[in-house]
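**Student:** Take the two lone chains, each set in its own frame, and fit them into one complex as the hints suggest.
If you read the sequences in order, they're chains A and B. At position 354 of the first sequence (counting the first as 1) the number is 354 in my numbering, and the numbers step up by one without a gap. At position 40 of the second sequence (counting the first as 1) the number is 40 in my numbering, and the numbers step up by one without a gap.
Where hints are given, some of them may not hold.
[Said to hold, decoys possible] Facing chain B, from chain A, some residues (calculated, C-beta under 7 Å):
1. ASN113
2. LEU161
3. SER162
4. ARG195
5. SER206
6. PRO338
[Unchecked claim] Taking lysine-lysine and the DSSO-like style, the derived pairs with C-alpha atoms no more than 27 Å apart in a straight line are:
7. A/LYS214 to B/LYS74
8. A/LYS274 to A/LYS234
9. A/LYS54 to B/LYS74
10. A/LYS274 to A/LYS214
[Stated by the list, open to error] Cβ-Cβ distance ranges computed for the label pairs, FRET-style:
11. B/GLY61 to A/GLY366: 14 to 24 Å
12. B/GLU34 to A/PHE220: 24 to 34 Å
13. B/GLY61 to A/ALA240: 41 to 51 Å
If you're looking for bench data, these hints aren't it; they were derived computationally from the structure. As the structure is a computational prediction, the values presented were derived from the model and not from experiment. Note that the Cβ used here is the ideal one computed from N, Cα and C, for glycine as well.
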Amino acid sequence: MMATLFALTMLADINAAGSIYVNQPTLVSPASEQDERALLSDTNYGLNAEVAFKVVADVNDHLSASAKVCYGCHGFMADMAYFDWTMYDALNVRAGRFPVPFGEFYLRHDPANHRSATKPLPYDMGRMLRRTQYNHAVMPEPYPDNGVEVFGTVRGELAELSYSVYAVSGLKGDAISGDLDFIRSRTEYVADNNRTPTVGGRVTVSFPNLPGNKWRWLAFGASGMWGKYDDEDKLTYALAGLDFYTRFDTVNLRSEVMLRRTEIPDDPARYQQKLVDLYHQREGFYVELDSPFAKYFEWLVRFDGFRRAGPLLVGSPLSDTDSSILRYTGGINWLPTPGVKVKLGVEHWDFSEFDSAQMVHTGLVGTF
Amino acid sequence: MKSPSVWSVLAIAVALTGCGASGPAVDLSGYTPEAQSGYQVLERRCTRCHEIDRPLHANVGQGGWTSYVRRMAKHPAAGISTAEQREIVKFLEAYAAQRAQGVTP
Numbered sequence: 001m002m003a004t005l006f007a008l009t010m011l012a013d014i015n016a017a018g019s020i021y022v023n024q025p026t027l028v029s030p031a032s033e034q035d036e037r038a039l040l041s042d043t044n045y046g047l048n049a050e051v052a053f054k055v056v057a058d059v060n061d062h063l064s065a066s067a068k069v070c071y072g073c074h075g076f077m078a079d080m081a082y083f084d085w086t087m088y089d090a091l092n093v094r095a096g097r098f099p100v101p102f103g104e105f106y107l108r109h110d111p112a113n114h115r116s117a118t119k120p121l122p123y124d125m126g127r128m129l130r131r132t133q134y135n136h137a138v139m140p141e142p143y144p145d146n147g148v149e150v151f152g153t154v155r156g157e158l159a160e161l162s163y164s165v166y167a168v169s170g171l172k173g174d175a176i177s178g179d180l181d182f183i184r185s186r187t188e189y190v191a192d193n194n195r196t197p198t199v200g201g202r203v204t205v206s207f208p209n210l211p212g213n214k215w216r217w218l219a220f221g222a223s224g225m226w227g228k229y230d231d232e233d234k235l236t237y238a239l240a241g242l243d244f245y246t247r248f249d250t251v252n253l254r255s256e257v258m259l260r261r262t263e264i265p266d267d268p269a270r271y272q273q274k275l276v277d278l279y280h281q282r283e284g285f286y287v288e289l290d291s292p293f294a295k296y297f298e299w300l301v302r303f304d305g306f307r308r309a310g311p312l313l314v315g316s317p318l319s320d321t322d323s324s325i326l327r328y329t330g331g332i333n334w335l336p337t338p339g340v341k342v343k344l345g346v347e348h349w350d351f352s353e354f355d356s357a358q359m360v361h362t363g364l365v366g367t368f
Numbered sequence: 001m002k003s004p005s006v007w008s009v010l011a012i013a014v015a016l017t018g019c020g021a022s023g024p025a026v027d028l029s030g031y032t033p034e035a036q037s038g039y040q041v042l043e044r045r046c047t048r049c050h051e052i053d054r055p056l057h058a059n060v061g062q063g064g065w066t067s068y069v070r071r072m073a074k075h076p077a078a079g080i081s082t083a084e085q086r087e088i089v090k091f092l093e094a095y096a097a098q099r100a101q102g103v104t105p
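Same shape as in the complex, but just chain B (with noise of 0.2 Å):
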C-alpha cells in the first residue's frame, strides 16, 4: 500500500478543524451566571489534558471542590489561574448541588 504523504495527512487535518463540538456538554440554562461563567473557564482550561465529562462524573462530592481544583491547577502550565480556581469550583459545586437533588443536568 502507497504511503500517505504528509501533505495528505495535512490536508485531511485542515477539514477536520472545521468540526468543531457542537455546544456545551451541559445544558447551563438553570445555573446563575457565575456557575456559567464557570463552565466556561472549565471547557477552557480543563480539556486540554482531559475531556470535559471527567469533572462532570468525578466521585467528589459538594463542598470537595476547592481542595480538587487547586491541586488539579498545581499540574505544570495548567494555565489555571486562582481566580479561575474560584469559578470553575463555583460551577462544579453547583453542578454536584444538582446532582445530589437527583436533577439530571
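The following block holds chain A by itself, in its conformation from the complex (with noise of 0.2 Å):
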C-alpha cells in the first residue's frame, strides 16, 4: 500500500499539512495521594504531544491518495494510507487505511480543528480520568481502520444526503477481559485478529442553505457498526450513535449521542453475580457551543457524559453496574497569529461514584 501510495505521489500534485499539539493537563481539585493514584493512573498526566503529517497527492480529477502518520500515546503509526477512486459526487470508493465514518466528530478529531482541549468524553482515550476503572469510554478517535469504503454525496437544492458504508478489520480486544482493547486496536494494524469483518454505514442529512442571515445550517446524522473483536471469532460489538450539527451566526452547537453494547462470555465464574447478563452496554453523549470571537481568541462550553451499565469482572475497581461520569467544560483559545493557538480548558468531572474532581488543561496547537 505504501509503495502504491509513493508511486502515485511520484505523477501527482502534492499538498502536505500537519498539526502539533502540545498539552499539560493538571489536577486542581484536592485530591488524597491513593485517590489520586486512581485518578489518574493510565491518564497522561505529564506534559505530552500530539504530531500529525498528512500528504495529499491528486493524480488526476478521479484519484487521489492521501496518506498520514501521527505521533501519540502509542509511537508514530500510520494513521491514514488510502486512495480515493471518484466516478461521481455520489459515488466514491475508498481503500487502504482510513478513519472509520461514525459520528460527527470524526472529521474533526486533530486538535488543530476541535476547539475544546480534550476530546468530548465518548471518545476520550489518554486524557480521560480514572481510564483504568472504566477501561475507555465508548469508542476511540481517531479510529484509522483497514477496509473498503463506498461513500458520496447526493445534493438537492435544499438538502444534500450524505452515506458511507464500509467494511473494515474492526476493534480488537479479547475474551479474558470481555471488553475492546483501543491499544491493541491501533497497534496491531496489519492483521485482523479474527474472520469477521466489521461492518458499518453513516448517513447525514443536511440543509446547508437555511433561510435567513442569522440562522446557518442544519445537519442529521446516524451512525453503526456492527463486528466481532475476539481472537476466537465469538464476541459481538455494536456501535448506533445520532448527531447533530446547526450554526446561529459564528456559534456552531455540536451534539452526539452513542452507545456500544459487547458480548461478554459466558463464564458466570469470572464475573461478580450482582447482575447476569451477557453484554455490558457503554453510552455517552455530549453538546458543545462554540465561536470564535473579538478576531483572536475564540469562546467553548461543553457538556458530557459516560456511562457504563452491565456485568463486572471479579476484581473489578468499580463497584456498581451502573457507573456514570459527567463532566462539565467551559474553555478559551487565544490565535496570536496564524497557524498558532493556545488553548485553556477547565472541566469538573462528576463520578457516580467517587468524588468529583477539577481539571485544568493548557495546550499549544501549530498547524501548516
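**Tutor:** This is how it looks when you write it as C-alpha cells:
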C-alpha cells in the first residue's frame, strides 16, 4: 500500500499539511495520594504531545491518494494510507487505511480542528480520568482501520444526503477482559485478529442553505457498526449513534449521543454475580457550543457524559453495575498569529461512585 | 466542590452566544467582488470543521486549489455545492496570488 501511494505521489500534485499539539493537564481539586493515583493511573498527566503529518496527492480528477503519520500515545503510527477513486459526487470508493466514519466528531478529531483542549468524553482516550477503572469510554477517536468504503453525496436544492458504507478489520479485544482494547486496535494494524470484518454505515441529511442570514446550517446524522472483537471470532460488539449540528451566526452547536453494546463470554465464574447478562453497554453524549470572538479568540462550553452498565469482572475497580461520569467544560482559545492557537480548558468531572475532580488543560497547537 | 448544574452551563452558553466574531480574518478591500463572495462562502462552509486560518496559510500554491477544494467538498455533509466550490477557489486563488507577490493579506 505504501509503495503504491509513493508511486502515485511521484505522478501527482502533492499537498502537505500537519499539526502539532502540546498539552499540559493539571489536577486542581484536592485529592489524597491514593485518590490521585486512582484518578490519574493511566491518564496522560505529564506534558504530552501529538504530531500529525499528512500528504495528499491528486493524480487526476478521479484519483487521489492520502497518507498520514501521527505520533501520540502509541508512538509513530500510520494513521491513514488510502486512495480515493471518484466516479461521481454520489459514488466514491476508498480503499486502504482510513478514518472509519462514525459520528460527527471523526472529521474534527485533529487537535487543530476541534476547539476544546480535550476530546468529547465518549471518544476520550489518554486524557480520560479513571481510565483504568472504566477501561475507556465508548469508542476511540481517531479510529483508523483497514478496509474498503463506498461513499457519496447527493445534492438537492434545499438538502443534501451523504452516505457511507464500509467493511473494515474492526476493533480488537479479548475474551479475558470481555471488552475492546483500544491500544491493541491501533497497534496491530496489519492483520485482523479474527475472520469477521466489521461492517457499518453512516448517513447524514444536511440543510446548508437555510432561509435568513443568521441561522446557517442544520444537519442530522446516524451511524452504526457491527463486528466481532475477540481472537476466537465469537464475541460481538455493536455501536449506534445519532448526531446533530447547527449554526447560528458564528456559534456552532454540536451534539452526539451513542452507545456500544459488547458481548461478554458466558463464563459466570469470572463475573461478579450482582447482575447476570451477556452484554455490557457503554453510552455517551456531548453537547458543545463554540464560536470565534474578537478576531483572535474562541470560546466553548461543553457538557458531556458517559455511562457503563452491565456485569463486572471479579476484581473490577468499579463497584456499581451502573456507573457514570458527567463532565462540564469551559474553554477559551487565543490565536495570536495564523497557525498558532493557545488552548485553555477547565473541566469539572462528576463520578457517580467516586469524588468529583477538577482539571485544567493548557495546550499549544501549531498547524502548517 | 459543588457540581455546576446543566442550567448554569446553559446560561453561560446563552450569554456567550452574543460574543461572535468581529469581522473577516482577511482585509477584503483589494479583492474583486467574486473573490469577496468566495470568502463569504469559505467562512460559511469550511469553518464547520476547522478555523478559517487553515486554508489561509495552507501549503497550496497558485492553481492548486481546485482539486484541494473538490477533495474537501467530498467529506460527508460538507455542504459545498459545485458552484460554491468554484466561488471558494476564486477567493483562495486570489489570496494565493497576493501571497506570491509578497502582499500581506
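**Student:** Next, verify each hint and record whether it holds.
**Tutor:** Each hint, compared with the structure:
Below 7 Å, beta-carbon pairs count as interface contacts, and A/ASN113 has one with chain B at about 5 Å; its hint therefore holds. The beta carbon of A/LEU161 is not positioned within 7 Å of any beta carbon in chain B (closest approach about 9 Å), and the interface hint is therefore violated. About 4 Å separates the beta-carbon of A/SER162 from the nearest beta-carbon of chain B, less than 7 Å, and the hint is met. The interface hint given for A/ARG195 is broken, as the beta carbon of that residue sits about 29 Å from the closest beta carbon of chain B, more than 7 Å.
Satisfaction of the interface hint for A/SER206 is found here, the shortest Cβ-Cβ separation to chain B being roughly 5 Å, below the 7 Å cut-off. Annotation: A/PRO338 was flagged as interfacial toward chain B, and the flag holds, the nearest CB pair being 5 Å apart, inside 7 Å. Of the pairs offered as hints, the one joining A/LYS214 and B/LYS74 holds, with about 25 Å between alpha carbons and a cut-off of 27 Å not exceeded. Under the criterion of a C-alpha separation no larger than 27 Å, the hint pairing A/LYS274 with A/LYS234 is consistent with the structure, at around 24 Å.
Distance hint between A/LYS54 and B/LYS74 is fulfilled; the C-alpha atoms sit about 17 Å from each other, no more than 27 Å. Taking the CA atoms of A/LYS274 and A/LYS214, the gap is about 53 Å. The hint is violated against a cut of 27 Å. Taken as a hint, the range 14 to 24 Å holds for the pair B/GLY61 and A/GLY366, whose Cβ atoms sit roughly 21 Å apart. A C-beta distance of roughly 33 Å is found between B/GLU34 and A/PHE220, which places it inside the suggested range of 24 to 34 Å.
At roughly 43 Å, the beta carbons of B/GLY61 and A/ALA240 sit within the given window of 41 to 51 Å.
Violated hints for the displayed structure, listed by number in ascending order: 2, 4 and 10.
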